[in-house]
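Since chain A is already given, all that's left is putting chain B on it; use the hints.
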Amino acid sequence: MEISFTKEELFWLILAGSFFTLFMSTGFALLYFFYRKRLTDQLLKTSEIELQKKSELLESQIRGQDSEREKIARAIHDEISSKLAILQISIEHLKRINLEKNREETDLIVEIIEKLIASTESISHGLLPPDLEHAGLISAVNGVVEVLNKTGELAIDYTWIDLSDGQHIKETELGIYRIIHELMHNTIKYANARNVRLNIELNRTSLAISYSDDGAGFNMEEAMNNGLGIRSILSRVQFLNASYNFHSEPGKGMEFNLKKIR
Amino acid sequence: MTGIILKFIAILIIMLILVVIAVCWKNFKQIKKEAFFIVLFSVLALLVQVASTTLSWLKMNNMWVLHVYTAGEFVLLYLFYYQVLHLGELKTRLNWPLLFLVAVFGFMVYSSIYIETINGFNPMSRTLECLIMCALSVFFYIKEIRAVAHFESYDPRREGLLLINTGILLLFSGQFFIYLMSNYMFYEMDNSQSRILWIFNGVLNLLFYSILIVGIWKLASPKKNFSGLY
Numbered sequence: 001m002e003i004s005f006t007k008e009e010l011f012w013l014i015l016a017g018s019f020f021t022l023f024m025s026t027g028f029a030l031l032y033f034f035y036r037k038r039l040t041d042q043l044l045k046t047s048e049i050e051l052q053k054k055s056e057l058l059e060s061q062i063r064g065q066d067s068e069r070e071k072i073a074r075a076i077h078d079e080i081s082s083k084l085a086i087l088q089i090s091i092e093h094l095k096r097i098n099l100e101k102n103r104e105e106t107d108l109i110v111e112i113i114e115k116l117i118a119s120t121e122s123i124s125h126g127l128l129p130p131d132l133e134h135a136g137l138i139s140a141v142n143g144v145v146e147v148l149n150k151t152g153e154l155a156i157d158y159t160w161i162d163l164s165d166g167q168h169i170k171e172t173e174l175g176i177y178r179i180i181h182e183l184m185h186n187t188i189k190y191a192n193a194r195n196v197r198l199n200i201e202l203n204r205t206s207l208a209i210s211y212s213d214d215g216a217g218f219n220m221e222e223a224m225n226n227g228l229g230i231r232s233i234l235s236r237v238q239f240l241n242a243s244y245n246f247h248s249e250p251g252k253g254m255e256f257n258l259k260k261i262r
Numbered sequence: 001m002t003g004i005i006l007k008f009i010a011i012l013i014i015m016l017i018l019v020v021i022a023v024c025w026k027n028f029k030q031i032k033k034e035a036f037f038i039v040l041f042s043v044l045a046l047l048v049q050v051a052s053t054t055l056s057w058l059k060m061n062n063m064w065v066l067h068v069y070t071a072g073e074f075v076l077l078y079l080f081y082y083q084v085l086h087l088g089e090l091k092t093r094l095n096w097p098l099l100f101l102v103a104v105f106g107f108m109v110y111s112s113i114y115i116e117t118i119n120g121f122n123p124m125s126r127t128l129e130c131l132i133m134c135a136l137s138v139f140f141y142i143k144e145i146r147a148v149a150h151f152e153s154y155d156p157r158r159e160g161l162l163l164i165n166t167g168i169l170l171l172f173s174g175q176f177f178i179y180l181m182s183n184y185m186f187y188e189m190d191n192s193q194s195r196i197l198w199i200f201n202g203v204l205n206l207l208f209y210s211i212l213i214v215g216i217w218k219l220a221s222p223k224k225n226f227s228g229l230y
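Protein chains in written order, with this note's numbering: chain A, 1 to 262; chain B, 1 to 230.
The set of hints was computed from the structure by calculation and includes no laboratory data. The reader is advised that the hints may include incorrect statements.
Unchecked claim - Derived EDC-like pairs (lysine to aspartate or glutamate); straight-line CA-CA distance at most 16 angstroms: (1) K7/A x E188/B; (2) K71/A x E133/A; (3) K37/A x E144/B; (4) K143/B x E89/B; (5) K260/A x E201/A; (6) K37/A x E159/B; (7) K95/A x E111/A; (8) K83/A x E114/A; (9) K170/A x D131/A; (10) K7/A x D190/B.
Stated by the list, open to error - Computed spacing ranges between beta-carbons, pair by pair: (11) K143/B x R38/A: 14 to 24 angstroms; (12) A149/B x G27/A: 16 to 26 angstroms; (13) E133/A x K143/B: 51 to 61 angstroms; (14) F5/A x S56/B: 48 to 58 angstroms; (15) S221/B x E114/A: 25 to 35 angstroms; (16) R231/A x A149/B: 21 to 31 angstroms; (17) L44/A x G106/B: 43 to 53 angstroms; (18) K32/B x H185/A: 30 to 40 angstroms.
Cβ atoms here follow ideal geometry from the backbone N, Cα and C, with glycine treated the same way.
Looking at chain A on its own, in the form it has when it is part of the complex:
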């Protein structure tokens, strides 16, 4: 039996067939995108819960770390430094009583104690910068910048605006201080940069920093996966609940911006 079509029927058959296959493939593609979105949302939800748990863990770790650092810094300052100072005074006294006797040895001991005091102070300041506690973030960062600028290896252009009316939130400022510290550490250790620009804007409602260098730059994806420094910075950002923007490309330096609503 031969099936024959009129021209009209053939036309409608081809048109209907074409629309049908197109409709089917469009439907398939739409269903696919819909299913994919649902699946992605589901997986995202699961990973968000995991991330939340990790954040809480991270938060308690950072809090614990900071609190331990503070305790150690205070212990070094209150216990060791003060006792070393007493020891130094005692030996100075001993030196005066004994006059010429064992002078060389006592001089040497005094010199060692002076170095010990300097070292403990340096360790204690590294753990908890005294400026940060007493004068705030801008002053504490200024201390670090002055030291680094004096070395001549790095030129840091440090600017700031302080409209905070002296209101300091210790935890936030300590977090930001540590981020800046880590950024500088990366610049010095890996970037081989000559110039750094750092700007801090403090006001009553927000705190913003902008940091850039003209160093070697790096591949962001690789650094995110392998760079402990970058991960540590981002952990701190996460802990602060701040928004950020981080960009670097090999040979093009790096730029980091952060804003925290106080």
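Frame of chain A, contents of chain B only:
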């Protein structure tokens, strides 16, 4: 009227292909890894579209261009899928995915010379191409959904490839019936009716190249900036 619309669509297609090539040219470095064959395909499409439109305006037979285009398009799109689906990994002692390409290409050439006439349509080659492309496109979707389900690392560039794949599926599924019946359309149907079907085919092409532009644009993806609000 339908003739004017067809000419208008032909010009629009050439313009869209030019945009595709411009986007490829601008982002060649970023897209060459995945979409090198799409770039070649766009160049082939432009050459063929210009040649067939010119021959048509000169009232010369341009059917042989379709035969060349079908074979070239099949090879380039197959190689695109060969790359993005990692078909090379399926090879055993013989690289059968490549052997399959050679066999189909050989069939297309043989069919153009000995089975179908070079100055007429090539429904066999074209239909076979449509089927293979639709199958590869569905295979790509399956592979993508498996990657998402297994939580493989998310790559925003894959969004671009997904769009290109969707464009290919829509084009070839829509064209399937038209090319399957192309000889009937040419010999049996009224000119006005067949022109409506060719307009439909032209619109499919416009849709395909528009999706291709967005897909390539997404594939090129802007410079990576890591930012976020925790």
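Hints versus structure:
Under the criterion of a C-alpha separation no larger than 16 angstroms, the hint pairing K7/A with E188/B is consistent with the structure, at around 7 angstroms. For the hint linking K71/A to E133/A, the alpha-carbon distance of about 14 angstroms falls within 16 angstroms, and the restraint holds. Restraint check for K37/A and E144/B: satisfied, since their Cα atoms lie roughly 12 angstroms apart, inside the 16 angstroms limit. About 14 angstroms separates the Cα atoms of K143/B and E89/B, which keeps this hinted pair within 16 angstroms; it holds.
Distance check on the hinted pair: K260/A and E201/A sit about 10 angstroms apart at the alpha-carbon level, within 16 angstroms; holds. Using a Cα cut-off of 16 angstroms, the hinted pair K37/A and E159/B holds, with the two alpha carbons roughly 12 angstroms apart. Restraint check for K95/A and E111/A: satisfied, since their Cα atoms lie roughly 13 angstroms apart, inside the 16 angstroms limit. A threshold of 16 angstroms between alpha carbons decides the hint, and for K83/A with E114/A the separation of about 12 angstroms falls inside it, so the pair holds.
For the hint pairing K170/A with D131/A, the CA-to-CA distance comes to about 11 angstroms; that is within 16 angstroms, so the pair holds. At most 16 angstroms may separate the alpha-carbon atoms for a hinted pair to count; K7/A and D190/B meet this at roughly 7 angstroms. In this structure, K143/B and R38/A meet the distance hint of 14 to 24 angstroms, their C-beta atoms being roughly 18 angstroms apart. As the Cβ distance of A149/B to G27/A is approximately 21 angstroms, the hint placing it in 16 to 26 angstroms holds.
At about 57 angstroms, the beta-carbon gap between E133/A and K143/B stays in the expected band of 51 to 61 angstroms. Between F5/A and S56/B the C-beta distance comes to about 28 angstroms, which lies outside the given range of 48 to 58 angstroms. The beta-carbon spacing between S221/B and E114/A, approximately 59 angstroms, falls outside the hinted interval of 25 to 35 angstroms. Distance hint for R231/A and A149/B: a CB-CB separation of about 27 angstroms, consistent with the stated range 21 to 31 angstroms.
Remark: the range hint 43 to 53 angstroms for L44/A to G106/B is upheld by a beta-carbon distance near 47 angstroms. In this structure the supplied range 30 to 40 angstroms holds for K32/B paired with H185/A, their Cβ-Cβ distance being about 37 angstroms.
Hints 14 and 15 from the earlier list are contradicted by this structure; the remaining hints agree with it.
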